[in-house]
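**Q** So the chains spell out like this:
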Amino acid sequence: GAVVSQHPSRVICKSGTSVKIECRSLDFQATTMFWYRQFPKQSLMLMATSNEGSKATYEQGVEKDKFLINHASLTLSTLTVTSAHPEDSSFYICSAQPGGTYEQYFGPGTRLTVT
Amino acid sequence: SQQGEEDPQALSIQEGENATMNCSYKTSINNLQWYRQNSGRGLVHLILIRSNEREKHSGRLRVTLDTSKKSSSLLITASRAADTASYFCATDGATASYDKVIFGPGTSLSVIP
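From first to last, the protein sequence lines are chains A and B.
Counting in my numbering, the first sequence runs from 50 upward without gaps.
Counting in my numbering, the second sequence runs from -11 upward without gaps.
It is worth saying that the hints were derived from the structure and are not from the lab.
Even for Gly, the Cβ is constructed at its ideal location relative to N, Cα and C.
Wrong hints could be hidden among the right ones.
Stated by the list, open to error - As a list, the in silico EDC-like pairs of lysine to aspartate or glutamate whose alpha-carbon atoms are at most 16 angstroms apart:
no.	chain 1	residue 1	chain 2	residue 2
1	B	Lys88	A	Glu136
2	B	Lys44	B	Asp54
3	B	Lys58	B	Glu(-7)
4	B	Lys88	A	Glu152
5	A	Lys90	B	Glu41
6	B	Lys57	B	Glu5
7	A	Lys115	A	Glu136
8	A	Lys69	A	Glu152
9	A	Lys115	A	Glu101
To be verified - Covered by chain B, per the in silico footprint, the following chain A stretches (three or more residues, Cβ under 8 angstroms):
no.	segment
10	64 to 71
11	124 to 133
12	142 to 152
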């Protein structure tokens, strides 16, 4: 149980285009989902936290207009990287937290490369 | 911003030896968790220790938590080459509406066969 999927696992896009990454909790309902970014040989940096049905809360320094987060249902959150640039190339990881628990379950990550 | 620091940043040991990694954090927490990440892959949850617990075991893993010093340690006993990975601690502390989880910088562990 407690499986989280991400789609796509890898994506290459051209500079200036937008990319959508999906995060799904497959066998539980996630009231809260988190989005992280990880650059090579670095730790995970929390980008934003989304609660189902409300606006996402972004960490300091993360542009909300560039990284659009939608948590439309208790099993799906999406991150859209708008007008992507090469510096947005990174490993994006989501996690989902069932209601009433502290545990998070992580997706396998999405490798974004912007050319 | 990141909550904590991990020590050491990199650790290389021989198979069979024990590996100890430390994590420090700055603010009050509800829980502290340890995760493992193989190169370029997702995270695997290892163990969660609550703020009112001092020690927890899971197989070859032993985690301690000292809230007075705001630090935790992860001990892997009888290490194996397959334990080679990066290990992260993550702390969560409640904000007004949700639990925010912050990761430390991680320790890169290499276990030499």
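**Q** Would you mind marking each hint as holding or not holding in the structure?
**A** Hint-by-hint comparison with the structure:
Between Lys88 of chain B and Glu136 of chain A the alpha-carbon distance is near 26 angstroms, which puts this suggested pair outside the 16 angstroms criterion. For the suggested pair Lys44 of chain B and Asp54 of chain B, the alpha carbons sit about 12 angstroms apart, so the restraint of at most 16 angstroms is met. At most 16 angstroms may separate the alpha-carbon atoms for a hinted pair to count; Lys58 of chain B and Glu(-7) of chain B meet this at roughly 11 angstroms. Proposed proximity of Lys88 of chain B and Glu152 of chain A is supported: the alpha carbons are some 11 angstroms apart, at most 16 angstroms.
Only pairs whose Cα atoms come within 16 angstroms are accepted, and Lys90 of chain A paired with Glu41 of chain B is rejected, the gap being roughly 31 angstroms. A hinted pair counts as satisfied when its Cα atoms are at most 16 angstroms apart, and Lys57 of chain B with Glu5 of chain B does not qualify at roughly 27 angstroms. Our distance criterion of 16 angstroms between C-alpha atoms is met by Lys115 of chain A and Glu136 of chain A, whose separation comes to about 13 angstroms. Taking the CA atoms of Lys69 of chain A and Glu152 of chain A, the gap is about 26 angstroms. The hint is violated against a cut of 16 angstroms.
The hinted pair formed by Lys115 of chain A and Glu101 of chain A fails the criterion: a straight-line CA distance of about 20 angstroms is larger than 16 angstroms. Counting residues of the segment 64 to 71 of chain A whose CB lies closer than 8 angstroms to any CB of chain B gives 0, which falls below the minimum of 3, so the coverage claim is violated. For the segment 124 to 133 of chain A, the proposed coverage by chain B is not satisfied: 0 residues have a C-beta within less than 8 angstroms of a C-beta in that chain, short of the threshold of three. Under the rule that three or more residues need a Cβ within less than 8 angstroms of chain B, the assignment of the segment 142 to 152 of chain A holds, with 5 such residues.
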